[in-house]
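Student: These are the residues of each chain, in order.
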Amino acid sequence: MKILVCMGNVPDTTTKIKFDSEMKKLDTNGIQWVINPWDELALTRALEIKEQSGGKIEKVSVINIGKADAEPTIRKALAIGADDAYRVDAEPSDSYYIAAQIAEVAKKENFDIIMCGIESSDFNDAAVGSMLAEFLDYPSVSAVSSFEFNDGNVKLKRDIDGGKETIVISTPFVAIVQKGICINPRIPAMRGIMMARTKPITVSAPVETDSLIETTIFELPASKAACKMVDAEDTDKLIELLHGEAKVL
Amino acid sequence: MSIIVFSENRIGKIKKQSLEAVAYATYISKNNSKPVIAISVGNVNNDELAVLAKYGASKIISITDSNWQNHDSQAYTKLIAEIVEKESADTIIFSHSNMGKAIAPRLSVRLKAGLASNVLALPLSYSPYVFKRKSYNGNAFQQMKIKSQKCVITINPNSCDLVESPVSVNITDFTPTTVANAATKVENIDLITGKILLTEASVVVSGGRGLKSSDNWKPLEELAEVLGAGLACSRPVSDEGWRSHEEHVGQTGKIIAPDLYFAVGISGAIQHIGGISGSKVIVAINKDKDAPIFSYANYGILGDAFDVLPKLIESVKKFKSA
Ligand SMILES: Cc1cc2nc3c(=O)[nH]c(=O)nc-3n(C[C@H](O)[C@H](O)[C@H](O)COP(=O)(O)OP(=O)(O)OC[C@H]3O[C@@H](n4cnc5c(N)ncnc54)[C@H](O)[C@@H]3O)c2cc1C
Ligand SMILES: Nc1ncnc2c1ncn2[C@@H]1O[C@H](COP(=O)(O)O)[C@@H](O)[C@H]1O
Chain G
8 MKILVCMGNV
18 PDTTTKIKFD
28 SEMKKLDTNG
38 IQWVINPWDE
48 LALTRALEIK
58 EQSGGKIEKV
68 SVINIGKADA
78 EPTIRKALAI
88 GADDAYRVDA
98 EPSDSYYIAA
108 QIAEVAKKEN
118 FDIIMCGIES
128 SDFNDAAVGS
138 MLAEFLDYPS
148 VSAVSSFEFN
158 DGNVKLKRDI
168 DGGKETIVIS
178 TPFVAIVQKG
188 ICINPRIPAM
198 RGIMMARTKP
208 ITVSAPVETD
218 SLIETTIFEL
228 PASKAACKMV
238 DAEDTDKLIE
248 LLHGEAKVL
Chain Z
358 MSIIVFSENR
368 IGKIKKQSLE
378 AVAYATYISK
388 NNSKPVIAIS
398 VGNVNNDELA
408 VLAKYGASKI
418 ISITDSNWQN
428 HDSQAYTKLI
438 AEIVEKESAD
448 TIIFSHSNMG
458 KAIAPRLSVR
468 LKAGLASNVL
478 ALPLSYSPYV
488 FKRKSYNGNA
498 FQQMKIKSQK
508 CVITINPNSC
518 DLVESPVSVN
528 ITDFTPTTVA
538 NAATKVENID
548 LITGKILLTE
558 ASVVVSGGRG
568 LKSSDNWKPL
578 EELAEVLGAG
588 LACSRPVSDE
598 GWRSHEEHVG
608 QTGKIIAPDL
618 YFAVGISGAI
628 QHIGGISGSK
638 VIVAINKDKD
648 APIFSYANYG
658 ILGDAFDVLP
668 KLIESVKKFK
678 SA
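Residue numbers (our numbering), protein chains in the order written: chain G, 8 to 256; chain Z, 358 to 679.
For the record, the hints were derived by calculation from the structure and aren't laboratory data. There may be inaccurate statements among the hints.
[Claimed, not checked] Derived coverage of chain Z by chain G (criterion: at least 3 residues anywhere in the stretch with Cβ under 8 angstroms from a Cβ of chain G; other residues may be distant):
no., region
1, 455-461
2, 493-499
[Unchecked claim] Below, simulated DSBU-like cross-link-like pairs (lysine-lysine); rule was C-alpha separation at most 30 angstroms, straight line:
no., chain 1, residue 1, chain 2, residue 2
3, G, K115, Z, K435
4, Z, K469, G, K114
5, Z, K637, G, K23
6, Z, K675, G, K235
7, G, K235, Z, K469
8, Z, K575, G, K244
9, Z, K644, G, K254
10, G, K32, Z, K502
11, G, K162, Z, K542
12, G, K244, Z, K443
13, Z, K542, Z, K411
14, G, K114, Z, K507
15, G, K162, Z, K552
16, G, K254, Z, K411
17, G, K254, Z, K469
18, G, K164, Z, K373
19, G, K235, Z, K637
20, G, K74, Z, K502
21, Z, K668, G, K235
22, Z, K489, Z, K435
23, Z, K507, G, K235
24, Z, K677, G, K244
25, Z, K646, G, K164
26, Z, K469, G, K115
27, Z, K373, Z, K391
28, Z, K646, G, K23
29, Z, K435, Z, K502
Since the structure is predicted, the reported quantities are computational estimates derived from the model, not experimental observations. In this text, a Cβ means the ideal position worked out from N, Cα and C, and glycines have one as well.
Given only the sequences and the hints, what does the whole structure look like? Please build it.
Tutor: Shown next, in the form of structure tokens:
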């Protein structure tokens, strides 16, 4: 069996977000790029499952839709332990486009399990995984917080708002994962970094897809009025403000 | 043409977020005169379904067949696509909930309908649609234009006022031609009962590492109790096991948007803010005047949480009984 982990290349989560003068494109000056945090967890869990599978899972691959400047992030995934990588050489413009590109590669390579993160920390679309599953006509399970693979049988837990469901599913499928899937993301070790240098990255050209949406402009949050301080002794005053002024009580 | 809203329920009760989605659809309908149709899957009785009409749904398509009880995104997508076709809908609205996030993107692909997810406000324009949505974890907003004929949107909690606009309603029990045929088998459902759901709460009380240990949560629980609020925490608190992971909010936890959020002993790291920046009003209680949380908060108290909380609880009690 083969696992594919979909991996976004995103600005480090502490980045101060700025745009070009037309407010159309992210100003990438000085940005540190990282593996999307959820995808790092997905990759870690995929590697754990592979190691525990007694050879049932032969390899874990990662895929990124991005330009060549995403390669350092892809190398990092290889250093963490992915066996090989795919990159479709295209600007990751929107989720529909990204999912369509991943679907092309996934169809050719016949992966049994595909893992995505629940949300990218740049686009916040929470969409690519489910879109990919529809392109492939695979079942999908979203908000997965536990992933067990025993002797080829898969048991997942997913969060429903206000509870959890335990689900059994057979391959192939797409799992869209979130918190809980593993404890801590793996970080590359020296040996991994050395080995990553020789692991293959297969680069392909994008396919034509429909274009359904367009970003017209970005906005930054309005600067907020200064915080109104209330004396620690005067909690009545706080309640009065929340009731009378803010009208939230 | 019509507008379809996918309505979610929990143990037979329609979720507040779904009422917001119907109210949102009704705003659109006032602009373009398309009727609002709600789809409900599961065991919801007609009296409860009628609540959807209070917010403007004039037709309710209810699927109560037990084969459809368990959510399978692939099958639900086919089911909704069938109804979209039948009702010639061009706008399909979901809550940005776990279920909405699981189905809406699949439907977008199936219908070749542009997806606007994480929508935060009423449309900025109707023809073509332009939506304002969250991006960069709330550090920016994106205006998104829909270029396709149909569109699918998921709206965030608290993005639409719950204004009533009652209409007379026609409730039909629907038997889809699509078969349920779920590829996913739900073995077990574990529901949290009795607690106020974090994603539905209009007031949330949240504690951070500043509270020092799990033994110190009593005053926070009491404050939540008197306010009728949900309880939340920062990531280190759930990592330490002081509180359940269910309560962790932030970029890597739950994303919430209550009317009022109390951050107690929370420093206000950017990843924490990513999960709560949609709150209408933020109150910070912290003993460090330079804590970043004060630059996001609307109201602040500089002080020791263990001194402030008992007083605050008394003030709330006084206010509630007045
Ligand atoms: C990729 C990534 C994702 C992350 N995701 C999340 C996330 O989803 N959610 C999240 O919360 N964090 C997240 N974090 C962690 C985040 O960076 C912070 O470390 C975390 O939010 C800090 O939690 P805290 O505010 O509770 O603790 P601290 O930063 O330790 O702050 C404690 C605060 O309590 C105050 N305090 C202490 N004693 C008292 C007292 N007696 N009375 C009043 N105030 C007191 C202190 O002044 C301080 O401001 C993430 C980090 C990374 C790298
Ligand atoms: N450019 C990309 N290349 C590969 N996978 C991606 C890309 N962007 C997003 N993904 C995957 O889709 C998930 C959800 O992203 P999004 O739909 O943008 O919120 C991420 O966690 C990744 O697993």
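Student: Need the list of violated hint numbers for this structure, in ascending order.
Tutor: 7, 12, 13, 17, 23, 25
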